Amino acid sequence: MDWILDFYNYRVAIQYAPEFARGISATIWISLVSLVLALTIGTAAAIMRMSANPVLWRISAGYVQAIRSTPLLIQIYVIYFSLPALPLLGRRLDELEGGIIALGLNAGAYMSEIIRAGIESISRGQIEGAQSVGMTYLQRMRYVVLPQAFANVLPPLLGQTAVLIKDSSLVSFIGVFELFGAGLTVLSERLMPNEAFLTVAVCYLAIYWVMLIFSNFAQRRLGGVRR
Amino acid sequence: MVDVIWVTMPFLLAGLWITIKISLITILCGSLLGFVVGMLRTVGGWAVSTTLGLYIHALRGTPFLVHLYIIYFVLPATGISWLQLEAFPAAVISLSLYTSTYVAEIVRAAIEAVPRGQSEAARSTGMTALQSMWYVVLPQALKLMIPPMGGVYVIIIKGTSIVSVIGIAELVRAGEHATQRHPKELMLIYGMTALLYFAYCYPVLRLARWAETKFGSVRLPS
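Protein chains in written order, with the numbering used here: chain W, 1 to 227; chain R, 1001 to 1222.
Any given hint might turn out to be false.
Derived, one-sided and incomplete: chain R residues facing chain W with beta-carbon distance under 7 Å [what the hints assert, rightly or not]:
no. : residue
1   : Ile1070
2   : Phe1073
3   : Val1074
4   : Tyr1190
5   : Thr1193
6   : Pro1203
7   : Trp1210
I should point out that these hints are in silico values taken from the structure, not numbers from a laboratory.
Given the structure is predicted, the values throughout are model-derived calculations rather than measurements.
By construction, the Cβ of each residue, glycine as well, lies at the ideal position given by its N, Cα and C atoms.
All chains should be modelled from the sequences, with the hints used to inform the complete structure.
What follows is the structure, given as C-alpha cells:
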C-alpha cells in the first residue's frame, strides 16, 4: 500500500476536503451567475442579430465574431486589467466581478448563436397566430417564440453550460478562488501536485457527471415538445 | 503610443510565431490521434468503444487547464524518466489529447452520416468491410469532416493561450512581458494581442464557413 500513499496521499486530500468543497461551491456559484448573464446577453444578441436594423445586427455580429476569435484568457485579462474605473460603480471591478463579466460575455456570444438557431426553428405560423390574436412584439417573443426556442435548443445550451463550467477554471488566474484555485492552494501549501490536481480533476468530473444526468433528464422531459 | 506599438510588435510577433508552431503541431498530432480513436470507436467492438467513450468523457468533463497541470506536474511525480516532460512537449501533448476528443466525435459523426446504403452496396459488390470503409465510406466522410475541423482548429489556437501558465513564451506570455515593460500601455498591449489572435482565428472561421457551404456539414452531438 505504500506506493499508493507515495503517489496519492488520500489523507492530504481528506485534510483539504473543506477547501475542495468550498472550491466546488464557488465554481458552481460563479458558473450559475455567469450563466444567467450569458443567457441574458445571448438572447439580446440573438434578437439584435435578427433585427432588420443594420446598426443593431452589425453590433451583434461584431460582438460574436470578436469573442469567437480571441481566447477567453485574453478577454479575462482585458476586462480585469484594462477597464478603467466604471462611472456607475465609482471604482474598478474586483476580480470576482471581472471574472464573471468576462465569462458571461464569452459564453453569451456562443449562446446567442445557439438561441438564434432556436428562434429560427420556430415556424412562421406560430408568429402569425400570435400576431392575429393581437400580441405585441414583446408579448410574442415572451409568450410564444422564446419558450419554444429554448425548449428546442436545450441540449446544445446545456453543452455550452458544461463548457462554461470548465472555462470558469481560468478565472483563478486573476485571483478568484474556485475549484482550480483550491488545487493551487494545495500545491502551494503542501507542494503535492498529485493530491491537488487529481482531486480537482475528480471534482470536475463529478460536476460533469451531474450535468450529464440532468441533461439526459431534461431531454427526456422535453422529448414531446420538440418538432 | 506609436512608439510602444513599434517597440512591442516584434515581441508579440515572436509570441505569435510560437502560438502558430504549437497550434500546427497540435492540429497534426491531435487529428491523427482523434482519427484513430474515432475510427476504433465506430468499427471496434463493445469493449473498445466503451473504453474510448470513457476516455472522451473523462477529457471532456475536466478543464484543459487541469489536463495541462496533470501532465506537467503530476506525471513527473511518478518518477518514470520519460514522463519528465519539458514545458513545450507537455503543452503539445496535453493540447493534442484534448483535441483528439473533438476530432474523434467529428470522425464518428461523419462516418455515421454516410448513408448505410453506400457501405451495403460496397459489401454486395464483394468488397471486404475494410475495403468498403477505405474506398467508399471514408472518401465521402472526409468531406463532411472538413468544416467542423475548422472550428476545432480555432479551439486549439485559443487553447494555446492557456499554455502560457507553464511558462511557454507564446502570444499571451509575450503580451504579459510587454505590459511589464510598458505598464501604462496595458490596454493597448492586450488590445494588440487580441487583434493578433483575431487575425489568426478569423480567416480560419471564414474558411470553415466557406467549406460548410461547399461540402455540407455534420451535426455534432453536444
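Hints versus structure:
no. : hint    : in the structure
1   : Ile1070 : 5 Å, holds
2   : Phe1073 : 4 Å, holds
3   : Val1074 : 5 Å, holds
4   : Tyr1190 : 5 Å, holds
5   : Thr1193 : 6 Å, holds
6   : Pro1203 : 9 Å, violated
7   : Trp1210 : 15 Å, violated
Violated hints for the displayed structure, listed by number in ascending order: 6 and 7.
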